[in-house]
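Student: Here's the letter readout for the chains.
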Amino acid sequence: AQKITQTQPGMFVQEKEAVTLDCTYDTSDPSYGLFWYKQPSSGEMIFLIYQGSYDQQNATEGRYSLNFQKARKSANLVISASQLGDSAMYFCAMRGINQAGTALIFGKGTTLSVSS
Amino acid sequence: GAVVSQHPSWVICKSGTSVKIECRSLDFQATTMFWYRQFPKQSLMLMATSNEGSKATYEQGVEKDKFLINHASLTLSTLTVTSAHPEDSSFYICSATIHGTSGNTIYFGEGSWLTVV
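Quick note, the sequences are listed as chains Y and P, same order.
Just so we're aligned: 16 in this note's numbering is position 16 of the first sequence, and the numbers increase by one with no gaps anywhere.
Just so we're aligned: 102 in this note's numbering is position 102 of the second sequence, and the numbers increase by one with no gaps anywhere.
Check each hint, because a few of them may be wrong.
Claimed, not checked - Listed below are the simulated DSSO-like cross-link pairs for lysine-lysine, each with C-alpha atoms no more than 27 Å apart in a straight line:
(1) Y:LYS70 with Y:LYS3
(2) Y:LYS3 with P:LYS64
(3) P:LYS20 with P:LYS55
(4) Y:LYS108 with P:LYS64
(5) Y:LYS108 with Y:LYS73
(6) P:LYS41 with P:LYS64
(7) P:LYS41 with Y:LYS73
(8) P:LYS41 with Y:LYS16
(9) P:LYS66 with Y:LYS108
(10) Y:LYS3 with P:LYS41
(11) Y:LYS108 with P:LYS41
Hints listed in this document are in silico derivations from the structure and should not be mistaken for laboratory results.
Based on the provided sequences and hints, a complete structural model is requested.
Tutor: In structure tokens:
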């Protein structure tokens, strides 16, 4: 069984500062993918970044980077230079790579509040 | 990127009536679609997985007779909430993937807010 743990219900950061959102996972799959999504109050799920378990380098997408530590089973999201528009709920998720058609399993989420 | 369209975005229905939510893949063939339910400030909970042309696989605790899922074509899956009650009020969101693919190949609809009065 797969499990995603996000231990920070809420995080607060000031504009232009960096923030790290924590995510740990557990799985018995040898190959898996880790995802981060942003969900604003409108409800849509906005894909941010993806990391495959066999990727050698940490994924980066603009201001987003994923600090992947496989031995610790952690996949923390780092947002650099926070903006007011970053205020939203953030979900870490995973799926098995070798299981065709498998769903994403989500953590409980972290609400990020960015202040000016 | 791939686009998944969900309709309606908002729906209000009376207790006891049924409501249908559609999930369409607009520019790819989605052999597998997933339906999630989300309560305010909570996580997305997987309700069921549907494969085109076959019966949906429901997660434990999800009433299959209440939440009818049909995946009749490679571009359309529907979720029907039958005999809706106020406790069914929630945010429902679908996602779609192409069977046999892995990695970052899951695409979400915009979600549907259901209010039962």
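Student: Hints first: check each against the structure and report whether it holds.
Tutor: For each hint, the structure was consulted:
At roughly 15 Å between alpha-carbon atoms, LYS70 of chain Y and LYS3 of chain Y fall within 27 Å of each other, so this suggested pair holds. With a CA separation close to 24 Å, the supplied pair LYS3 of chain Y and LYS64 of chain P stays within the 27 Å bound. Annotation: proposed proximity of LYS20 of chain P to LYS55 of chain P holds, straight-line Cα distance about 17 Å (limit 27 Å). For the proposed pair LYS108 of chain Y and LYS64 of chain P, the alpha carbon gap of about 25 Å is at most 27 Å, so the pair holds.
A threshold of 27 Å between alpha carbons decides the hint, and for LYS108 of chain Y with LYS73 of chain Y the separation of about 17 Å falls inside it, so the pair holds. Under the criterion of a C-alpha separation no larger than 27 Å, the hint pairing LYS41 of chain P with LYS64 of chain P is consistent with the structure, at around 25 Å. With a C-alpha separation of about 25 Å, the suggested pairing of LYS41 of chain P with LYS73 of chain Y holds against the 27 Å cut-off. This hinted pair checks out: LYS41 of chain P and LYS16 of chain Y have alpha carbons roughly 26 Å apart, not beyond 27 Å.
Of the supplied pair hints, the one linking LYS66 of chain P and LYS108 of chain Y holds, its CA atoms being roughly 25 Å apart against a limit of 27 Å. For the given pair, LYS3 of chain Y sits about 19 Å from LYS41 of chain P by alpha-carbon distance, which is consistent with the 27 Å threshold. Proposed proximity of LYS108 of chain Y and LYS41 of chain P is supported: the alpha carbons are some 9 Å apart, at most 27 Å.
In this structure, none of the earlier numbered hints is contradicted; all agree with it.
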